[in-house]
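> Listed below, chain by chain, are the residues.
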Amino acid sequence: MNFVVPDFYPAAAEIFVAVMALVIMLAGAFARSVRWLAYTLTQLTLVGAALITIFVPSVDVSYTFSGMFVSDLFGNVLKLLIYLAVGVALLYGRGYLADRRMERPEYYLLAVLMTLGMMVMVSANHLLTLYIGLEMMSLALYGMTAFDRDSVRSTEAAMKYFVLGALASGLLLYGMSMIYGATGALDFVSIKDALYFQTANKTVLLFGLVFLMAGIAFKLGVVPFHMWVPDVYQGAPTAVTLLIASAPKLAAFAMTMRLLVFALFELAEQWQAMLMFLAVLSIILGNLAAIAQSNIKRMLAYSGISHMGFMLLGLVAGVVSGETHNAITAYSAAMFYAVAYVLMSLASFGMVLLLARAGFEAEEIDDFKGLNKRSPWFAAMMMIVMFSMAGIPFFIGFFAKLAVLQSVVAAGYVWLAVLAVVMSVIGAFYYLRVVKVMYFDAPADDAPIHAPAEMRVMMSVNGLSIAALGLMPQGLTYLCWIALLASLT
Amino acid sequence: MTDMPLLSLAIWIPIFGGLLVLATGSDRNAPLARALALLVAVAGFAVTVPLYLGFDTGTATMQFVEMAPWIRPYNINYHLGVDGISVLFVILNAFVTVIVVLAGWEVIREKVAQYMAAFLIMSGLMNGIFSALDGVLFYVFFEASLIPLYLVIGIWGGANRVYAAIKFFLYTLAGSLLMLVALLYLFLQAGGSFSILDWHQLPIPMGAQSLIFFAFLAAFAVKVPMWPVHTWLPDAHVEAPTGGSVVLAAIALKLGAYGFLRFSLPIVPDAAQYYAPLLITLSLVAVVYIGFVALVQTDMKKLVAYSSIAHMGFVTLGFFMFNQLGIEGALVQMISHGFVSGAMFLCIGVLYDRMHSRNIADYGGVVNKMPKFAAFFMLFAMANAGLPGTSGFVGEFMVVLGAVQFNFWVAFLAATTLILGAAYSLWMYKRVVFGEVANDHVAQLDDINGREFAFLAILAFCVLAMGVYPFPFTEVMHASVDELLRHIAVSKL
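Going down the list, the sequences are from chains A and B.
Read left to right, the first sequence gives residues 1 to 489 (full-length UniProt numbering).
Read left to right, the second sequence gives residues 1 to 493 (full-length UniProt numbering).
These aren't lab readings, by the way, just hints derived from the structure by calculation.
What you are looking at is a predicted structure, and each value in this text was computed from that prediction instead of being measured.
Just so you know, not all the hints are guaranteed correct.
List of simulated lysine-lysine pairs, DSS-like, C-alpha gap at most 25 Å [to be verified]:
#, chain 1, residue 1, chain 2, residue 2
1, B, Lys111, B, Lys167
2, A, Lys369, B, Lys492
3, A, Lys373, B, Lys111
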């Protein structure tokens with residue numbers, strides 16, 4: 001048996017982040033009194049990983065570790081966005097955590113491990129790699145959800161998240177085993193080949209697909225596997241909610257793409273039908289349930305469910321009666337939607353953090369009352385986010401919806417597009433309500449907003465980027481398009 | 001001069017100017033915000049004047065065209081241009097913005113910068129709607145214009161403003177999102193083009209035409225508004241501040257009617273003709289039934305709001321008879337209604353600022369205290385009733401003539417508006433203005449000041465000029481309407 005040293009080059013960023021995780025752990029153990037160290041190291045890790053991802057040149061698609069790991073443009077683009085989302089989320093959350101005596105090095109360690117998990121998920125070319133990445137991300141998130149140890153609500157949320165998450169992982173693993181049984185392969189390229197040459201047992205394969213879908217649906221948080229979303233979003237400390245609601249959505253999107261499009265593309269007709277079911281239910285239930293919420297974190301949770309449903313519509317429209325020429329457009333629309341959602345999600349939970357202060361959580365929608373009087377600038381930022389989520393132009397949310405609807409109509413599902421827009425009108429109501437309390441109501445408390453300068457700046461950049469990308473969405477559209485084109489063909 | 005991107009300037013001067021006004025911040029700088037807003041509004045109006053002067057009335061093609069790619073992957077272009085149908089609305093819009101800034105000058109004391117900025121931004125967006133030749137660009141402006149109006153009604157409105165603002169927003173959003181699906185469908189049918197002009201030439205089977213027609217109808221009927229989806233308008237009008245009502249009546253209502261001319265009629269002509277009886281029926285219901293509803297209102301603003309719906313019923317009636325007089329009459333009516341209803345709301349605003357009541361019953365004998373105001377109000381009430389010599393008469397008369405060509409009974413019912421309009425306008429006028437001084441509050445009224453005199457006088461001039469000599473208006477639209485009618489006559493099946 002000859003041992004071949006694998007090519008570490010394509011995984012350079014992952015290796016760097018793993019090493020840095022150890023460094024942060026050591027820093028946490030030996031330099032605990034230096035309060036800023038862990039945070040700074042974490043941000044530096046993200047910057048370093050970004051530089052490696054950008055500057056380590058590679059061929060279009062390179063496999064390593066015996067085909068378990070892939071480095072391609074699709075993965076690299078998503079990774080960069082993940083670094084960005086995690087970095088921004090940590091920046092927003094820092095003051096909040098410090099006010100509540102939760103800013104401990106372990107928090108940042110978990111965040112780095114979560115990032116590493118997501119990177120592995122994004123680059124997985126193998127069922128087991130994917131699973132390892134997924135668990136790494138999830139376990140870190142469970143821990144962070146319970147980070148406020150004395151809070152009963154947080155503990156309950158973490159428990160719920162963990163139990164349901166473990167169940168979903170089990171389902172996913174069970175599905176993977178069946179796929180393996182049917183195709184005799186674990187890496188995506190071989191699975192794809194097995195399906196192409198029709199050597200796989202179709203019944204077992206479809207059975208496995210159903211379980212895979214359940215796992216995917218759980219991670220994306222779409223109906224009927226959405227139960228955890230509102231409770232965890234509400235129960236977790238807001239800084240953690242922000243982390244859960246942003247970058248992991250990109251990772252879940254990558255997982256969906258890797259499993260369904262990169263590996264099981266031949267079964268597109270089957271999984272599209274399932275996704276359509278999930279998407280329709282999510283859009284309906286998410287929007288209707290959000291109306292009834294008075295807690296903004298819960299409202300954003302339900303709105304997130306409907307957004308994920310909307311994103312899935314893009315995946316539904318890829319293959320039409322065997323024709324695949326719509327596929328790249330449709331998938332890049334879904335990718336655009338995921339990126340847009342993460343941007344908006346960061347800004348919306350960021351605003352909740354911005355209004356919170358020591359001993360006060362701005363969790364109720366009523367806490368936004370009269371924000372226009374207290375701070376016209378941040379009220380305008382929040383308004384941009386809300387209108388963007390509602391899909392009103394000139395904001396990015398509109399173009400995300402436009403791109404997805406375009407591919408849905410192109411696939412011939414006009415009824416689906418009509419349903420989606422009708423639910424968007426219903427959705428507009430609860431976003432409008434937030435704008436209403438900010439602009440039309442008198443403030444309930446006059447405390448000035450106090451937040452660190454870097455957070456104010458980042459919040460403004462975040463809000464303005466939603467408007468700027470709405471005015472000029474071409475660059476991001478191209479990026480999604482090229483990333484998929486380079487990796488899929 | 002013609003090389004300047006006039007349409008872009010007309011769109012972006014008010015928008016960026018509005019942002020600049022917004023930047024003046026708190027109410028300590030209110031005088032600066034007002035002055036800056038007026039400057040921007042006047043500049044915005046100034047760039048639209050060459051549009052009229054340089055307009056070639058002999059052709060129906062798009063003029064002042066600007067074209068640049070915007071989002072290439074979807075072939076969405078920044079494509080602007082005006083023809084005889086749209087150019088007048090761009091100018092009217094810029095003109096009304098100046099009036100609105102003047103009207104809010106002293107009255108608005110809270111968040112002055114935000115108020116002025118909202119109107120300026122709205123004005124720019126509406127210019128975008130009237131000049132967009134790309135489906136998505138049109139839609140983007142169409143939707144975005146909801147935001148400032150929503151804020152204007154909700155922040156500066158009356159007691160029930162929140163309800164009215166949300167109702168207004170959701171009603172119009174529901175309609176326009178269905179249109180979005182239709183736009184996407186057309187995009188695919190046209191082989192990946194969002195150009196409205198391409199869509200005009202696109203053959204479409206009848207089944208699809210019907211669906212597209214109704215999708216457009218959903219968007220535009222709500223905006224016009226046509227009976228029975230008009231119920232948001234009285235609420236929005238009553239709760240909006242004066243400036244909001246003026247913009248709503250003078251410009252926002254025209255968007256729906258304009259949409260019919262730019263989209264429904266030329267893109268799906270066969271469906272438009274097939275469903276014309278339905279549209280004509282709805283229009284007549286608006287004219288007659290809403291006319292009666294206006295008669296019994298006790299709130300002045302509500303009365304004028306209902307009269308707006310009736311007048312807009314006249315407009316849609318004119319469109320769907322498919323003859324020259326009908327469509328041109330409807331267009332004239334739209335412009336005239338912009339002046340007249342705007343002026344009516346301003347007059348009510350003048351009274352409201354002094355008395356803080358819109359109830360007709362709270363007034364009486366105003367003429368004794370405000371003779372100059374009473375004279376202006378008289379003129380506008382007469383114009384609202386369609387008195388010959390005022391602009392209100394021209395459009396109504398042309399549409400009624402067009403209706404006679406079309407069908408006698410339609411003309412007969414349409415003509416009742418001349419009676420109903422006179423009844424509700426003049427009866428309200430009588431109760432508010434004439435008679436003995438009704439109470440102590442009326443006894444303390446002061447007549448209009450120089451600023452109020454100025455904007456009422458400008459509008460009075462427009463109303464009379466258009467009534468006496470409408471040719472400069474009809475001349476501009478003639479070629480385009482001709483072309484539109486020729487286009488509709490050819491089946492696209």
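> In ascending order, which of the hints set out earlier in this document are inconsistent with the structure?
Failing hint: just 2.
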